[in-house]
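K.L.:
In case you want the letters, here they are:
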Amino acid sequence: GTTPLYPSPMTPMTPITPATPASESSGIVPQLQNIVSTVNLGCKLDLKTIALRARNAEYNPKRFAAVIMRIREPRTTALIFSSGKMVCTGAKSEEQSRLAARKYARVVQKLGFPAKFLDFKIQNMVGSCDVKFPIRLEGLVLTHQQFSSYEPELFPGLIYRMIKPRIVLLIFVSGKVVLTGAKVRAEIYEAFENIYPILKGF
Amino acid sequence: MTGRVCRGCGGTDIELDAARGDAVCTGCGSVLEDNIIVSEVQFVENSGGGSSAVGQFVSLDGAGKTPTLGGGFHVNLGKESRAQTLQNGRRQIHHLGNQLQLNQHCLDTAFNFFKMAVSKHLTRGRKMAHVIAACLYLVCRTEGTPHMLLDLSDLLQVNVYVLGKTFLLLARELCINAPAIDPCLYIPRFAHLLEFGEKNHEVSMTALRLLQRMKRDWMHTGRRPSGLCGAALLVAARMHDFRRTVKEVISVVKVCESTLRKRLTEFEDTPTSQLTVDEFMKIDLEEECDPPSYTAGQRKLRLKQLEQVLSKKLEEVEGEISTYQDAIENELESSRPKAKGALANLTRDGSVEDTTSSVFGEDDAEDEELEAAASHLNKDFYQEILGSGLSSSSEGAGDPDGDTRPPALESLLGPLPTAASLGISDSIRECISSQSQDPTDACGDGELDLSGIDDLEIDRYILNEAEARVKAELWMRENAEYLREQREKEARIAKEKELGIYKEHKPKKSCKRREPIQASTAGEAIEKMLEQKKISSKINYSVLRDLNSKGGGGLQEEDAQPEGRTATRKLSRRKTPARRHRADPVTGVGKRLRPMVSAQPAKKAAAGEPLPLSPSTLGAEPARPTAVLVESGPVSYHPEDDPDEDDPDEDDGEPCVSALQMMGSGDYGCDGEEDDGY
Chain A
1 GTTPLYPSPM TPMTPITPAT PASESSGIVP QLQNIVSTVN LGCKLDLKTI
51 ALRARNAEYN PKRFAAVIMR IREPRTTALI FSSGKMVCTG AKSEEQSRLA
101 ARKYARVVQK LGFPAKFLDF KIQNMVGSCD VKFPIRLEGL VLTHQQFSSY
151 EPELFPGLIY RMIKPRIVLL IFVSGKVVLT GAKVRAEIYE AFENIYPILK
201 GF
Chain B
1 MTGRVCRGCG GTDIELDAAR GDAVCTGCGS VLEDNIIVSE VQFVENSGGG
51 SSAVGQFVSL DGAGKTPTLG GGFHVNLGKE SRAQTLQNGR RQIHHLGNQL
101 QLNQHCLDTA FNFFKMAVSK HLTRGRKMAH VIAACLYLVC RTEGTPHMLL
151 DLSDLLQVNV YVLGKTFLLL ARELCINAPA IDPCLYIPRF AHLLEFGEKN
201 HEVSMTALRL LQRMKRDWMH TGRRPSGLCG AALLVAARMH DFRRTVKEVI
251 SVVKVCESTL RKRLTEFEDT PTSQLTVDEF MKIDLEEECD PPSYTAGQRK
301 LRLKQLEQVL SKKLEEVEGE ISTYQDAIEN ELESSRPKAK GALANLTRDG
351 SVEDTTSSVF GEDDAEDEEL EAAASHLNKD FYQEILGSGL SSSSEGAGDP
401 DGDTRPPALE SLLGPLPTAA SLGISDSIRE CISSQSQDPT DACGDGELDL
451 SGIDDLEIDR YILNEAEARV KAELWMRENA EYLREQREKE ARIAKEKELG
501 IYKEHKPKKS CKRREPIQAS TAGEAIEKML EQKKISSKIN YSVLRDLNSK
551 GGGGLQEEDA QPEGRTATRK LSRRKTPARR HRADPVTGVG KRLRPMVSAQ
601 PAKKAAAGEP LPLSPSTLGA EPARPTAVLV ESGPVSYHPE DDPDEDDPDE
651 DDGEPCVSAL QMMGSGDYGC DGEEDDGY
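The listed protein sequences derive, respectively, from chains A and B. Residue 155 in UniProt numbering is what sits at position 155 of the first sequence, and the numbering runs on without skipping anything. Residue 601 in UniProt numbering is what sits at position 601 of the second sequence, and the numbering runs on without skipping anything.
Treat the hints with care, as some may be off.
[Unchecked claim] Here are the simulated lysine-lysine pairs, BS3-like style, with alpha carbons at most 27 Å apart: (1) B:282 - B:199; (2) B:489 - A:85; (3) B:497 - A:62; (4) B:300 - A:92; (5) B:282 - A:44; (6) A:200 - B:215; (7) A:116 - A:92; (8) B:489 - A:176; (9) A:132 - B:304; (10) A:200 - B:300; (11) A:44 - B:165; (12) A:132 - B:489; (13) A:44 - B:215; (14) A:176 - B:215; (15) A:183 - B:300; (16) B:304 - A:200.
[Unchecked claim] Simulated restraints on C-beta separations: (17) B:80 - A:49: 51 to 57 Å; (18) B:126 - A:49: 57 to 63 Å; (19) A:166 - B:311: 40 to 46 Å; (20) A:124 - B:119: 58 to 64 Å; (21) B:173 - A:83: 30 to 36 Å; (22) A:83 - B:192: 45 to 51 Å; (23) A:75 - B:99: 21 to 27 Å.
What the hints contain is simulated information worked out from the structure, not anything from laboratory work. Computed from a predicted structure; not experimentally measured. Idealized CB from N, CA, C, for every residue including glycine.
Using the sequences and the hints, build the whole thing.
P.N.:
So, in structure tokens, the structure goes:
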């Protein structure tokens, strides 16, 4: 990224948290809603074979070059590419994501490919929570200009890009907050703990 | 009088003569500066006899066509393109801005934004029109003009969200924080379009007041400002006895009818709506409402909680009822005859289906428990459909079905492909065995850890033969077109391969500009260049090193001469790349290390040095026109050169790979001029 030239000198936001006593009392824990992970099955795959012999697979080569497979438990969707790489989305926890990815790998194995399970990595985690009081977004965008972006014409929520940890938060007037961009669960909790006192001030 | 100090005498009295262009100390007379750059106007004579001033007009915004000193080939090209981009952008900004009726100041600011965007390479990969529109909208926001993003998207016929994305990116990259939109800005504009005549001002005032009230009631956060304006204007119009229908308002304000209605109902929910017109104009209620989305959310939460409480209560009651039911049924069963044949079959089939569907995923013991629980909870449901005697028989039927379950499973799984039939039994065994050997190291190994995965469940996801055939047929039909295209493409490629003209379209690698080599002598430059380019082993490095040694002796002279020749050739090459067919002996014999010629930095460094040598080499040249030199290097297309080329060093039988090509002269875009080959 580029080093931004701040048009107006503002205090950085992170040091706000430690001093205020209100930070302890946020008894709200964000719930994880979606986890995106990738894994390498380690072998080339024939997508046509997979699509034609799996019950839960769809493959439309004209539109997208991957097989879309779904399983019911845990309820997830996977994109399987011919290079052997796979993306698994929709799980609600890290363990579930791993289990789902393994199930997909097992299906591919049973269809006749020597699938392995290399480099499982969680790429993105999405969480949401409710602070239970309305938030004045215009005020927030005035004081936290460098981090917030609020365009009511385009999107009803305020997009807050926290720098440490590197998380994007969507803050809505009804008090609901969506946090995304985390690689580990702790980042989501930390981000929420950081934003809660700021939001209380509005 | 520059105020400088003379170097000779230390005096400060320095005379500057602008016409002669020098600075002289009046004390000792030493010239301090010569050839000073002057800014006088000079005149030249035209062909017609008149005189005109010497000079060029340089435009304010475009790049001046300054001649770059030195290797300006690429830099020149880049500047041209950048200037063109800016010019193009300026033109488009003016065109679009005039349609929006923006003043000149705004357009200039927009152009500045555009220049910034171009310098940060934000125009790459984006349509120019989008970037222009984003710049213009940014100006509108910072200046506070009542232009919406919708207007721009109307003019350009582009999706407003696409424009919005570009705009957000631009604002973020340029670190410009556009202030949030105030709906009050749009009121005058829309009021004018709604044609209120003389009462325009009053209606606008009322609408503004309404808007402010809405703001205090938290209705405007997160909403499109145009929708709020529409609602406010509608109410204000009605308050001043103007009949403006919803349709008229939405055609001006550009929101959907349902949005407008929703805003109106939300406003209705606020206590302010209860006031009369006069009261509203005078009184300002103190209390503020919560935003509608918040109240809606709270209501939903409350409903959900109520539901939960109710269902819990229901369960308790159900539990009580079921105990009574059990007692009653036991009594009935003992007193009632066995269920009739048809009904029993029906129930049996029904329960078989249930069990077979559940058998795939669950263990036997679990299944029984689940069945019992399910039947227990749904007792009243069954009763409603099939009579009270059914539940007992289904429970009873559950147990015998448990015994029949294993054979049913096999019969169903029979047609499924087994591991052996697929031929992957080995790999599966390997997977499972390796997993059992290293259960902890499963992830490190890359082997699939099968713990927690139920094989039966996985098998459910694989089709059997018949199903696979049907699916294949359907899929082929769906994707027939695509398959046909693929086949045609392959056929085309195969044909081209046969003809030998198959060109594989690899993604183009952009040519990397290398840093110019800093070196003090030609030899150093050559060495550094060789390091950089990692030339082949076929070059005789010892000979290369000997190049630099000067002095008497035939051999050394010979060395010096080729160097000189190469140097002069380098010079000539630089100046006249296309003129290879000169009958110039300089470019003739002696192409040792001709490949060196392509290296520009070496050229530059070497050019200066051997210049003095060239006159001497020229003299020496005619003395030995037909000397047979032991050469290594390719031949150029000079007719006099052809006879005596002997290449012990580099002749490896390959026809067209010259050292020049190996060193990649193509990098410099000078492909055309140097196709030296055999």
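K.L.:
Against this structure, judge whether each hint is valid.
P.N.:
Each hint, compared with the structure:
no. : hint                      : verdict
1   : B:282 - B:199             : 19 Å, holds
2   : B:489 - A:85              : 26 Å, holds
3   : B:497 - A:62              : 25 Å, holds
4   : B:300 - A:92              : 23 Å, holds
5   : B:282 - A:44              : 76 Å, violated
6   : A:200 - B:215             : 20 Å, holds
7   : A:116 - A:92              : 24 Å, holds
8   : B:489 - A:176             : 52 Å, violated
9   : A:132 - B:304             : 15 Å, holds
10  : A:200 - B:300             : 23 Å, holds
11  : A:44 - B:165              : 37 Å, violated
12  : A:132 - B:489             : 59 Å, violated
13  : A:44 - B:215              : 59 Å, violated
14  : A:176 - B:215             : 20 Å, holds
15  : A:183 - B:300             : 32 Å, violated
16  : B:304 - A:200             : 26 Å, holds
17  : B:80 - A:49: 51 to 57 Å   : 53 Å, holds
18  : B:126 - A:49: 57 to 63 Å  : 40 Å, violated
19  : A:166 - B:311: 40 to 46 Å : 42 Å, holds
20  : A:124 - B:119: 58 to 64 Å : 32 Å, violated
21  : B:173 - A:83: 30 to 36 Å  : 33 Å, holds
22  : A:83 - B:192: 45 to 51 Å  : 60 Å, violated
23  : A:75 - B:99: 21 to 27 Å   : 50 Å, violated
Going through the hint list in order, the structure does not satisfy hints 5, 8, 11, 12, 13, 15, 18, 20, 22 and 23.
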